[in-house]
Amino acid sequence: MASKHNNKIRVRFAPSPTGAPHVGNIRTALFAWLFARHHKGTFILRIEDTDTDRVVAGSVETILEALDWLGLEVDEGVKSFELQVSSQRLVSLWPTSFKKEKNGVLQEVGEYGPYFQSKRLDIYKKYAEELVAKGHAYYCFCSEERLEQIRKEQEAKKLPPKYNGHCLTLDAAEVKKLLDGGEAHVIRMKIGHEGETVLNDVIKGEVRFKNSLIDDQVLLKSDGFPTYHLAAVVDDHLMEISHVIRADEWLPSTPKHLLLYDYFGWAKPAFAHVPIILGPDKTKLSKRHGAVSILDYREAGYLPEAMFNYLAFLGWNPKTDQELFSRDELIKEFDLDKVNKANPIFDIKKLNWMNGQYIKKMTANELQSVILNEAKRSEGSHGLILGSFANAQDDALKKVVKLAQERMEKLVDFAPLTDFLRQDKLDYDAKILIPKGLSQTQCKTQLQTALDVISKIEAGDWQEEKLRKTFLDYCEKNNVKRGELLWPVRVAVTGLANSPDLFAVMDILGKKKSIERIREAISKL
RNA sequence: GGCCCGUUCGUCUAAUGGUUAGGACAGUGGCUUUUCAAGCCAUUAACAGGGGUUCGAUUCCCCUACGGGCUACCA
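Per our numbering, the first sequence runs over residues 24 to 548.
Quick caveat, the hints were computed from the structure, so don't treat them as lab data. Be aware that one or more of the hints could be misleading.
Unchecked claim - Here are the simulated lysine to aspartate or glutamate pairs, EDC-like style, with alpha carbons at most 20 Å apart:
{"hint": "1", "residue 1": "Lys-383", "residue 2": "Asp-524"}
{"hint": "2", "residue 1": "Lys-421", "residue 2": "Glu-507"}
{"hint": "3", "residue 1": "Lys-185", "residue 2": "Glu-197"}
{"hint": "4", "residue 1": "Lys-142", "residue 2": "Glu-197"}
{"hint": "5", "residue 1": "Lys-63", "residue 2": "Glu-263"}
{"hint": "6", "residue 1": "Lys-372", "residue 2": "Glu-346"}
{"hint": "7", "residue 1": "Lys-399", "residue 2": "Asp-319"}
{"hint": "8", "residue 1": "Lys-535", "residue 2": "Asp-524"}
{"hint": "9", "residue 1": "Lys-307", "residue 2": "Asp-319"}
{"hint": "10", "residue 1": "Lys-213", "residue 2": "Glu-197"}
{"hint": "11", "residue 1": "Lys-372", "residue 2": "Glu-322"}
{"hint": "12", "residue 1": "Lys-535", "residue 2": "Asp-475"}
{"hint": "13", "residue 1": "Lys-372", "residue 2": "Glu-352"}
{"hint": "14", "residue 1": "Lys-181", "residue 2": "Asp-238"}
{"hint": "15", "residue 1": "Lys-536", "residue 2": "Asp-450"}
{"hint": "16", "residue 1": "Lys-213", "residue 2": "Glu-263"}
{"hint": "17", "residue 1": "Lys-467", "residue 2": "Glu-543"}
{"hint": "18", "residue 1": "Lys-364", "residue 2": "Asp-271"}
{"hint": "19", "residue 1": "Lys-534", "residue 2": "Asp-475"}
{"hint": "20", "residue 1": "Lys-233", "residue 2": "Asp-271"}
{"hint": "21", "residue 1": "Lys-384", "residue 2": "Asp-319"}
{"hint": "22", "residue 1": "Lys-373", "residue 2": "Asp-285"}
{"hint": "23", "residue 1": "Lys-422", "residue 2": "Glu-487"}
{"hint": "24", "residue 1": "Lys-459", "residue 2": "Glu-429"}
{"hint": "25", "residue 1": "Lys-307", "residue 2": "Glu-272"}
{"hint": "26", "residue 1": "Lys-384", "residue 2": "Asp-360"}
{"hint": "27", "residue 1": "Lys-399", "residue 2": "Asp-436"}
{"hint": "28", "residue 1": "Lys-547", "residue 2": "Asp-530"}
{"hint": "29", "residue 1": "Lys-233", "residue 2": "Glu-272"}
{"hint": "30", "residue 1": "Lys-492", "residue 2": "Glu-543"}
{"hint": "31", "residue 1": "Lys-185", "residue 2": "Glu-171"}
{"hint": "32", "residue 1": "Lys-291", "residue 2": "Asp-319"}
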């Protein structure tokens with residue numbers, strides 16, 4: 024589609040502030056952002072707060088927070104300076120400069136404002152009236168009751184529900200009289216019934232709609248606020264949006280928008296309807312499916328990099344076998360022509376795997392600072408990440424992080440994986456101390472042996488690899504099966520049937536504590 | 001009900017008018033190993049159905065089925 028804007032790419036993410044931002048909305052924002060970055064365009068945040076009943080206080084801040092978490096910087100429109108995206112993060116996307124206060128001043132940046140639709144009421148009124156003057160819209164005074172009745176009748180007759188044009192029959196004098204009398208009214212589109220409206224969607228291709236089936240949509244509500252249809256078209260035009268990137272559910276109302284552009288005599292932007300994310304039951308992802316607020320995933324211990332990567336692959340892929348992508352690689356590869364038409368299902372298992380991959384890819388130092396940052400951020404409500412290591416020194420933490428890293432899938436896995444290291448008294452069933460093929464007494468002997476081996480180790484040699492060598496050498500020289508000696512010792516020091524590596528654990532515990540725990544085990548037998 | 005969109009392994013998906021229909025997650029089996037995890041190797045598993053078009057269709061067209069979305073003075 025030819026662009027009227029000298030090919031300058033301008034896209035907007037235009038959520039309505041009705042609560043915490045949904046995974047699906049954010050994925051749409053991500054596509055738009057990626058598209059903007061790929062084409063060196065502008066990513067705009069516009070707030071569509073035209074439904075006064077549904078607006079939820081604090082939503083805009085939450086939206087900003089979600090965008091910030093994923094590193095989707097806003098170039099123009101609504102921003103908050105309480106949240107700062109740092110390009111110098113230790114780990115590419117992690118918000119190191121996060122500030123907890125949510126009462127920061129929202130600011131608007133850009134020359135096309137205001138970017139809150141509630142601040143543009145006079146603009147919409149002007150354009151709605153312009154359409155009336157041009158004969159493409161009309162005043163409607165029908166009451167809710169009357170509309171309800173029309174709908175019921177149509178339903179009974181199995182007709183498509185549509186406004187029946189009741190107020191279309193009013194002549195100019197009558198309209199003026201009603202208007203002057205302060206009668207409640209809306210402005211509706213007047214849609215010609217002939218022909219069809221053709222959309223050439225960037226993703227869906229050509230889609231045809233019969234004009235006779237299009238409803239006379241309300242443009243301006245009786246409270247003076249515009250409906251989405253008017254507001255979006257007017258703003259997208261005024262803000263010189265080049266590509267309208269939005270979810271599939273908007274496809275059916277697109278002909279109304281196309282008609283509006285024609286009525287105004289405006290050039291049309293390109294439209295790209297992206298597939299909707301479905302839950303495991305194949306219906307639109309919603310609260311029934313558990314976590315749908317994008318920020319819930321932060322609380323659940325997912326990394327923004329992983330979330331970003333995963334979301335990018337829901338309905339899009341680069342047509343190669345590569346699946347792990349950095350932000351820059353995604354920017355380089357992403358384009359609308361590779362977006363799928365079918366609706367993908369959100370698969371938490373693949374997200375988990377991907378998150379684990381990102382965790383493993385980090386250096387232990389990076390992971391440590393990420394864990395520390397996240398623990399600090401979620402302090403209070405979710406200070407569970409560090410668990411028993413909440414007040415540990417950085418030095419002590421380093422080895423623990425390394426030990427947990429391989430088996431962590433999410434950040435919140437850290438505490439349960441490492442708790443046993445800090446417990447004063449381990450609580451476990453003595454039976455699990457005994458490896459297969461050994462009797463209780465034999466097991467006891469093995470633990471005794473371990474104490475002997477340990478007693479000969481100098482304090483300065485108390486270190487993972489030296490411990491490993493000492494024990495393995497002992498086994499070899501004395502013809503002891505590794506499992507028969509090492510299993511009981513490992514259970515003794517961890518209290519767990521399944522645990523991290525014995526020598527890493529003993530290293531962290533220290534000689535004294537290790538001996539204590541082995542003695543404790545012996546006494547249990 | 002009407003309108004619109006969609007349909008390749010369970011899931012995310014690739015490819016092609018002629019292929020053993022490829023990869024990843026999950027599953028299963030094995031290796032490794034002090035256990036678990038990780039890692040490595042192997043493996044199960046898909047073109048919704050029916051008509052065309054064609055020498056040949058998973059691929060192009062039509063129909064059906066199924067799934068989804070929309071059908072508000074909500075977005």
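Structure-inconsistent hints, enumerated in ascending order: The structure breaks hints 2, 3, 4, 13, 16, 21, 22, 24, 26, 28, 30, 32; every other hint is satisfied.
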